[in-house]
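A.B. asks: Given next are the chains, with one letter for each unit.
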Amino acid sequence: MKENKNIDHELGNIIDRNPTTRREFLKRLGGGITILFLFGDPLVLEAQRRTSEYPDDFNAYLRIGVDGIVTCFSGKIEMGQAVITSLAQMLAEELDVSLSSVDMVMGDTDICPYDRGTFGSRSIKYFGPALRAAAAEARAVLIELAAEYLKISKDRLITKEGIIFDKSQNKNQVTYAQLAKGKIIERHLKEKATLKAVSEFTIIGKPVLRSDSLEKVTGKAKFAGDIRLPDMLHARILRPPAHDAKLKNVDTSPAEKIDGVQIVRDGDLIAVLHKNPDEAEKALIQVKAQFDLPEVKVDDKTIFKHLINAAGEGDIVASGGNLQNGEKLSSTVFEEMYLNSYVAHAPIETHTAVAKIENDKATVWVSTQGPFRVKEQVARVLGFPSQNVRVITPFVGGGFGGKNSSNQALEAARLAKLTGKPVQVAWSRAEEFFYDTFRPAAVVKIKSGITNSGKIALWDYNVYFAGERGSQQFYDVPHHQTVVTGGWGGGPGSHPFPTGAWRAPAVNTNTFARESHIDIMASKAGIDPLEFRLKNLTNERMKRVLRAAAEKFGWTPKKAPGGRGWGIVCVDYLNTYVAAAAEVEVDKKNGNVQVKRVVCAQDMGIVINPEGARMQIEGCITMGLGYALTEEIHFKGGEIFDLNFDTYEISRFSWLPKIETILIDNPELAPQGCGEPAITCMGGLIANAIYDATGARLFQLPMTPERIKEAMKNN
Amino acid sequence: MQETISFNLNDKPIHLTVDSERMLLWVLRSDLGLTGTKYGCGEAFCGACTVLVNNKAVRSCQFPVKDVKGKEVITIEGLSKNGKLHPIQEAFIKHDALQCGFCTPGMILNACSLLYENPQPTQSEIIQGMNDNLCRCGAHTRIVQAIQDAANEMKGGRVK
Numbered sequence: 001m002k003e004n005k006n007i008d009h010e011l012g013n014i015i016d017r018n019p020t021t022r023r024e025f026l027k028r029l030g031g032g033i034t035i036l037f038l039f040g041d042p043l044v045l046e047a048q049r050r051t052s053e054y055p056d057d058f059n060a061y062l063r064i065g066v067d068g069i070v071t072c073f074s075g076k077i078e079m080g081q082a083v084i085t086s087l088a089q090m091l092a093e094e095l096d097v098s099l100s101s102v103d104m105v106m107g108d109t110d111i112c113p114y115d116r117g118t119f120g121s122r123s124i125k126y127f128g129p130a131l132r133a134a135a136a137e138a139r140a141v142l143i144e145l146a147a148e149y150l151k152i153s154k155d156r157l158i159t160k161e162g163i164i165f166d167k168s169q170n171k172n173q174v175t176y177a178q179l180a181k182g183k184i185i186e187r188h189l190k191e192k193a194t195l196k197a198v199s200e201f202t203i204i205g206k207p208v209l210r211s212d213s214l215e216k217v218t219g220k221a222k223f224a225g226d227i228r229l230p231d232m233l234h235a236r237i238l239r240p241p242a243h244d245a246k247l248k249n250v251d252t253s254p255a256e257k258i259d260g261v262q263i264v265r266d267g268d269l270i271a272v273l274h275k276n277p278d279e280a281e282k283a284l285i286q287v288k289a290q291f292d293l294p295e296v297k298v299d300d301k302t303i304f305k306h307l308i309n310a311a312g313e314g315d316i317v318a319s320g321g322n323l324q325n326g327e328k329l330s331s332t333v334f335e336e337m338y339l340n341s342y343v344a345h346a347p348i349e350t351h352t353a354v355a356k357i358e359n360d361k362a363t364v365w366v367s368t369q370g371p372f373r374v375k376e377q378v379a380r381v382l383g384f385p386s387q388n389v390r391v392i393t394p395f396v397g398g399g400f401g402g403k404n405s406s407n408q409a410l411e412a413a414r415l416a417k418l419t420g421k422p423v424q425v426a427w428s429r430a431e432e433f434f435y436d437t438f439r440p441a442a443v444v445k446i447k448s449g450i451t452n453s454g455k456i457a458l459w460d461y462n463v464y465f466a467g468e469r470g471s472q473q474f475y476d477v478p479h480h481q482t483v484v485t486g487g488w489g490g491g492p493g494s495h496p497f498p499t500g501a502w503r504a505p506a507v508n509t510n511t512f513a514r515e516s517h518i519d520i521m522a523s524k525a526g527i528d529p530l531e532f533r534l535k536n537l538t539n540e541r542m543k544r545v546l547r548a549a550a551e552k553f554g555w556t557p558k559k560a561p562g563g564r565g566w567g568i569v570c571v572d573y574l575n576t577y578v579a580a581a582a583e584v585e586v587d588k589k590n591g592n593v594q595v596k597r598v599v600c601a602q603d604m605g606i607v608i609n610p611e612g613a614r615m616q617i618e619g620c621i622t623m624g625l626g627y628a629l630t631e632e633i634h635f636k637g638g639e640i641f642d643l644n645f646d647t648y649e650i651s652r653f654s655w656l657p658k659i660e661t662i663l664i665d666n667p668e669l670a671p672q673g674c675g676e677p678a679i680t681c682m683g684g685l686i687a688n689a690i691y692d693a694t695g696a697r698l699f700q701l702p703m704t705p706e707r708i709k710e711a712m713k714n715n
Numbered sequence: 716m717q718e719t720i721s722f723n724l725n726d727k728p729i730h731l732t733v734d735s736e737r738m739l740l741w742v743l744r745s746d747l748g749l750t751g752t753k754y755g756c757g758e759a760f761c762g763a764c765t766v767l768v769n770n771k772a773v774r775s776c777q778f779p780v781k782d783v784k785g786k787e788v789i790t791i792e793g794l795s796k797n798g799k800l801h802p803i804q805e806a807f808i809k810h811d812a813l814q815c816g817f818c819t820p821g822m823i824l825n826a827c828s829l830l831y832e833n834p835q836p837t838q839s840e841i842i843q844g845m846n847d848n849l850c851r852c853g854a855h856t857r858i859v860q861a862i863q864d865a866a867n868e869m870k871g872g873r874v875k
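Chains as they are written, first to last, in the numbering used here: chain A, 1 to 715; chain B, 716 to 875.
Bound-form chain A, shown alone:
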């Protein structure tokens, strides 16, 4: 799979030469009933096959404790997406326990089985089914034990909320906790567990409030930066003014004179440490350093031309018919180019880690999306065998793909080793921007054609450096080709700084380009944008989400630009289908856009937690306003100019549209992803609505007031 290759590139190869044996792993489990299972995420399975450290016959487990608490151990992490709740729902449903008796243990590499990382809207889609199967298996084991205990046949037993009853005699009962007591039972999930039918669900599909709120509203929730250890030092690290700048000379002596300050220099790492982070910061200012700056080759204006020049040969990822025939069939041919700038992840929690080294064992608390990857990296940087490194992931304060990379953990680990004390590294906001793995600047070129009757006959699509995901169009086009050049990680000679996966990687760019271009064709054909889409779609599932969004919105047909400020788009994000309609108001004098309303319909198959799903969709729409309207990194060579929220503007309360969400009922389809899909709508959606309002077409994200004014002028 191409997509896997792309993620491989991002996450590196995880190869461990110091295996934790299966027995060692199992030793860590206490008493009770433990069900080991393998979850079918192709990325995880592939990694497990290639490594020797982790047992390859399971990668997750749940345990029914003697206290009746059911614990699910998972290498996934919680960063806001609320899988802490929806995964627990899946478990509680199949095991027949109350949701409140489920405890989720996440992202601790010593007690949770291997996981590749939390990204790509994969937790529910891939982990969920295996978790359900394991819970069903656990329930079967419990029924067997109960039959022995109660001395009656299993088929007379039913389960409810952690209790097993005799069907005909309610009083004859035993709890899961009683059965687990004094036992160490280890079972492997059989191939086929009997899962509940959708009609039997009592917990899955019911709206449930997130389970971590109480901790989060009282300040008790611990994030990596909240870890406090005796003798812990806070480190501030000397940073270059630009990527690829080389340190020429440095004078740390003024900082050394400050009381309580410790300076550490180890090769490229120069750090100032103090028991208080603000005192360390003050001391760092006293460190005088000069750097040699590399030659500036590119800036935020010239980057697109540079990328086209840097592009190698692309891969044809989809094709059908013959492009020449498509062009012959077309009465009108369209050729356009779409651009998007670098965008930062900007989680409110900056990259943070605390490292403690005792004897030859390291423990690192990290804000990361990939604790197991961090474990390997820390082991490498310390020269420790990897089983001597434990990574613990507390609550993560937003990730969005930016915390796939966790270099702060390596810095903390190195400094803990060098100082012999626990060390916290919490990046400043400026460091967070500077070292972000930005969503890449990218270019899309589309040549297309329509027939006299408004059918798309030709689609020739070339994307540079956004990535493959979402590049393939889903309209009914006889002659088409999609060529992908460069992934979101860039490559030599492409970007002047690191880039990476940003919430729904590649798909924000590809959807902006495709759905803008579809609108251009609809407008030229004189057909309403919704009608044009429906006319060119044969995919009934996609038509259904489009119609659902349009109906709730109150869409009435009108050719764009119709002066209403209405836009519509649809997208297939890894088999979650989304359609959105919006209304915007554009101030033609200053180019300001206010998004008044967004209606979003999503078909993600079975919905585990409707409340959680709506929350994610709303989050996607709100966050997506930023990359659509304002978010853009300004730079010159390796120097980043946007280093805080004053110039880098993310969504605010006053930008809020009225948001309405529709969850399409599709019980036939297994649960798909939900954390990312809806955000992909926002670029194209706002672009189309701006066009409808003003007649001006925007070809570059973000659609700033200046770009909107410019487009209106050229219109």
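Don't take every hint at face value.
Computed list of lysine to aspartate or glutamate pairs in EDC-like fashion (alpha-carbon distance at most 20 Å, straight line) [claimed, not checked]:
(1) B/K799 x A/E551
(2) A/K222 x B/E792
(3) B/K799 x A/E215
(4) A/K222 x A/D212
(5) A/K658 x B/D746
(6) A/K361 x A/D231
(7) A/K658 x A/E551
(8) B/K809 x A/E551
(9) A/K301 x A/E706
(10) A/K220 x B/D746
(11) A/K220 x B/E805
(12) B/K870 x B/E792
(13) A/K222 x B/D746
(14) A/K220 x B/D726
(15) A/K658 x B/E840
(16) A/K535 x A/E551
(17) B/K781 x B/E736
(18) A/K257 x B/D734
(19) A/K282 x B/E718
(20) A/K220 x B/D864
If you are wondering where the hints come from, they were derived from the structure by calculation, not from laboratory data.
These numbers come from a predicted model, not from an experiment.
Got chain A; can you put chain B on it based on the hints?
C.D. replies: Chain B in isolation, oriented as in the chain A frame:
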């Protein structure tokens, strides 16, 4: 300059000998171990570090500790009384008005200050009052609903 600063912190008197020019955020987080107050940007742009000083929201990352002398400071840890959550905390839970939760303490304390000033705000007054607190996950709509709900719950009564 090292100085002894006396103030009330979460309803308890406190005397601290610190460099009084240091920012309240770091004194709370490091010296006092109250980690519910978060660092987000360090320049008062995001509001994650918001605490109450005499019932008014301040950005503790830019608020020198000398300025709390003799005042009442409330952090997120001190908002619930006798084990009972503040109505705004209750409303945040009820509306799922958070995702990652990192901006949440600042959001809640800013909302407290807002309702203290204006116990029955309109929706647009809430939006205006919360506009300088940033949330990256996009919990905004639910936060507005939660604040409206809390205002109704408090029925205009000033809960500190």
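A.B. asks: Against each hint, give a clear statement of whether it holds in the structure.
C.D. replies: These are the hints, each one checked on the structure:
A C-alpha spacing of about 44 Å is found between B/K799 and A/E551, which places the hinted pair above 20 Å, so the restraint is violated. With a C-alpha separation of about 13 Å, the suggested pair A/K222 and B/E792 falls inside the 20 Å cut-off, and the hint holds. Of the pairs offered as hints, the one joining B/K799 and A/E215 holds, with about 14 Å between alpha carbons and a cut-off of 20 Å not exceeded. Only pairs whose Cα atoms come within 20 Å are accepted, and A/K222 paired with A/D212 is accepted, the gap being roughly 11 Å.
Using a Cα cut-off of 20 Å, the hinted pair A/K658 and B/D746 is violated, with the two alpha carbons roughly 43 Å apart. Restraint check for A/K361 and A/D231: the C-alpha separation of about 17 Å stays at or below 20 Å, so the hint holds. This hinted pair checks out: A/K658 and A/E551 have alpha carbons roughly 16 Å apart, not beyond 20 Å. At most 20 Å may separate the alpha-carbon atoms for a hinted pair to count; B/K809 and A/E551 exceed this at roughly 30 Å.
Using a Cα cut-off of 20 Å, the hinted pair A/K301 and A/E706 holds, with the two alpha carbons roughly 14 Å apart. Taking the CA atoms of A/K220 and B/D746, the gap is about 17 Å. The hint holds against a cut of 20 Å. Distance hint between A/K220 and B/E805 is fulfilled; the C-alpha atoms sit about 15 Å from each other, no more than 20 Å. Distance check on the hinted pair: B/K870 and B/E792 sit about 24 Å apart at the alpha-carbon level, beyond 20 Å; violated.
For a cut-off of 20 Å, the pair hint linking A/K222 to B/D746 stands: about 17 Å separates their Cα positions. Among the hinted pairs, A/K220 with B/D726 is consistent with the structure: their alpha-carbon atoms are about 18 Å apart, no more than 20 Å. With a C-alpha separation of about 16 Å, the suggested pair A/K658 and B/E840 falls inside the 20 Å cut-off, and the hint holds. Among the hinted pairs, A/K535 with A/E551 is consistent with the structure: their alpha-carbon atoms are about 17 Å apart, no more than 20 Å.
Restraint check for B/K781 and B/E736: the C-alpha separation of about 6 Å stays at or below 20 Å, so the hint holds. Only pairs whose Cα atoms come within 20 Å are accepted, and A/K257 paired with B/D734 is accepted, the gap being roughly 17 Å. Taking the CA atoms of A/K282 and B/E718, the gap is about 19 Å. The hint holds against a cut of 20 Å. A C-alpha spacing of about 23 Å is found between A/K220 and B/D864, which places the hinted pair above 20 Å, so the restraint is violated.
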